[in-house]
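Asker: If you want the building blocks of each chain, they are given just below.
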Amino acid sequence: MIQIDHVHKQYGNKKAVSDVSLTVPTGKIFGFLGPNGAGKSTTIKMVTGILPVDSGTISVNGKDITSDTIAAKQEFGYVPDSPDLFLRLKGLDYLHFLSDIYGIAADVREARIEEYSKMFSIYEALGDQIKTYSHGMRQKLFITGMLVQQPSVWILDEPMTGLDPKSSYQLKELMRNHAANGHTVFFSSHVLEVVEQLCDEVAIIRKGELLFQGTLTEMRERFQSDDSLEHIFLELTQDA
Amino acid sequence: MHKPIRSLIRIQLKMQYANIFQKPSVVIGLVFGIIGLLFLGMMFGGYMLQIIDVMYGLLEPSGNTNVILGSLFLMNFFLIFILSLMLIMNTFYFTEDITSFLHLPVHSYQLLIAKSLNPLIYVYLLTAAMYLPVSIYYGILSGADLMYYVYVLLLFFLIPTIPYALAAAVVMFAMQFVNKGKNKDRSKVIGGIIGFVLIILLNVVLRLQQDPEQIAQVIADSAEKGGLLQMATLYYPPASLMSHILTSAGSWQSLLYFVIVLLLALFAGLIFFAAAQKFYLKGALGLNTGSGKVYSGKGLHRKPRSIISTYRTKELQTIFRTPTFFLQCVAGAFVMPALLVVIFFMGDFASATTMIKEISGSMLFVVILFANVFSVGLNPISIVSFSKDGQSWEAHLFLPLTMRQIVIAKLQAAFLINLLPLSVLFVIAVPVIQMNLWEALLWVIIALFVNAAVTVIGMVSDLLYPKLGWTEETELFQNRLANLISIVISAGAFAFLLALLLILKIPMVVSFIVTLLYISAMIVLLFYIVSRLLKTADRTSLSR
Ligand SMILES: Nc1ncnc2c1ncn2[C@@H]1O[C@H](COP(=O)(O)OP(=O)(O)OP(=O)(O)O)[C@@H](O)[C@H]1O
Ligand SMILES: [Mg+2]
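Those protein sequences? They're chains C and H, same order as listed.
Its first residue numbered -1, the first sequence is counted upward by one per residue in the working numbering.
Its first residue numbered 4, the second sequence is counted upward by one per residue in the working numbering.
Be a bit skeptical, because a hint or two may be false.
[As the list claims (entries may be wrong)] With a straight-line cut-off of 30 Å between C-alpha atoms, the simulated BS3-like cross-links for lysine-lysine are:
(1) C:Lys129 to H:Lys470
(2) H:Lys6 to H:Lys296
(3) C:Lys129 to H:Lys508
(4) C:Lys13 to H:Lys470
(5) C:Lys12 to H:Lys538
(6) C:Lys129 to H:Lys285
I should point out that these hints are in silico values taken from the structure, not numbers from a laboratory.
Start from the sequences, fold in the hints, and give me the full structure.
Answerer: See below:
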């Protein structure tokens, strides 16, 4: 579970997130929607402790990211939107590095690395430096890293962009399973079909302000429309 | 023909130097840095000129004073050749931005002349620092006339071209084979090591040929004018030509020699041109691509490690696998101590040994301390402690790592890498100084303490002027204030200690204890500064 309370964030004079409050419950897939530059990545970076909050509080599974940082960070796994990290490490080195940090036992990690890297067909490239991976391969490596870690809370920033259909399908299945097992999945996207297929609940953000949080049906009721999600989304995020 | 070169140079200037002077902190730091360097330069320069004074006095009776110029040109050649090898490998091959030029419709030589801008700045700076003061001072000592100084200036522009062009040709020739290798990263690393081992071996072979007794004999026999000069410049004929130009400046002979040197430089330029056109693309195209090997499942099972140890491994892996870091921090470690020995003892082991033997007690201690500070202080590894993470720094903020763990692991990694230059220095020093067991032990302890202090100083400098937003690794080693700051802090801190020890002339044991206490206090203070800097820094960019 992720709890976001009255969070503000400003870059210089520019408000990126203002007074956002959100609850991402367990057992559900939670989609975070909004047009480009709405503040999705900024919010996610605050949740993951990359950016400090200006004011407000954020906790992951009850652990405050500001005051109880390390404990909170143990709770989640994060797949960044631009996976250009640790480029000089080999894929395998990165996975071992991550496993060591999260304290994954030797045989457990061995089995998981093999299973998931094969699932995402990057196993054959594990001996190469991440630098030589394509964009999609890098993303799949970071997803594999999260799966090796198996945290209870998954945080993914636009995980589907750059994935081929097969990998994208597999990731969606894994997300469904994870939520079905009573865990938390929080991801951002502006691809509406994905959200429509996958999400149990959504939040919509525009210009740093939260417009809506609830289930898809609630959203349809609220906006009294049988329209496609696309239509609602376009209307909601229009410049008013 | 020249248009492409000019526009290539312009775009590079824009990319590398455009914004650097806009920050006030950079300008202030630069001013202080330059003052500090001038001060150091005056101290060191004064020392060099003193040596020249003595040498001139010794050589004047036999009419052999031109040997000073000869060895100056010779040393300059070697230093520039070695420096160029490193710079050229980096700028021509290992920088990423080279790939963004490769598709342009320009000739290799045009691209490479434009790319030579940065290395040539360094090469000319080194030449200015080494050659100008000595040659001018020599002119004053020998009461030379105006023509002498005209030639000094003309030669200044010519001197670096020959070693630079030759070094470029050697690198371009070698790199085509590196590029053919299956595992390119490994062959890059091996190529680098072989290159540096060759340089050192060459040095050793040259030294071994010069039996000290033989040298003494030559000096005794050299009633014949210029005999010693021939000896000194045997390995680099232009050195002899150049010193003739200067010593007989104004004569027709000297003009003729100058024309010959000019032709030699042109010839070197031609070699550069030919190598660029023939070898460059073969070495550069596809150099930075992966091995393409299918992973075999090796290393899948690994014992879990503690956080600090896994982080340290990650640091070391990054350093060894990034060609730029490898060249600068690991391979460079072998060159610096060797150069130190060459510079200070002119490669003459025998006289170095006798010289050291005459020094004793506290003075020997000072020599040990200085040599260690110098060799480890020049290794840039800790100055990139944080900056080398670049974009990946963000990952440190979402992974459950404490700053303490990160700092300790980074310091350990830098400390380990810094052991390289220290060990090389030690290995060279053992036969030169002929240390006894007690002195060797003393040396090792001091080296470890100095290493710790210099490593933390480097980290402080990196935190003062961090640079995470680089696009290629070489940016971390060029035009960075952190470099300067670190040198100034190290020089200042240790110069104070050295001066103290020199003035007090206390017994060795007391010096030893004073030094250890001083360095320990320094380390504690530095750790405090590191923790302050980290607290006040903006977490995502590390800047303030
Ligand atoms: N480092 C930064 N410095 C200054 N402003 C920033 C920075 N990062 C983001 N912003 C601004 O904050 C706002 C929100 O950006 P954010 O990256 O959170 O958007 P997003 O919802 O993730 O968009 P996208 O769908 O394009 O990924 C934007 O207006 C952006 O210009
Ligand atoms: Mg985003």
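Asker: Quick one: which hint numbers does this structure break? Sort them smallest to largest.
Answerer: 2 and 3
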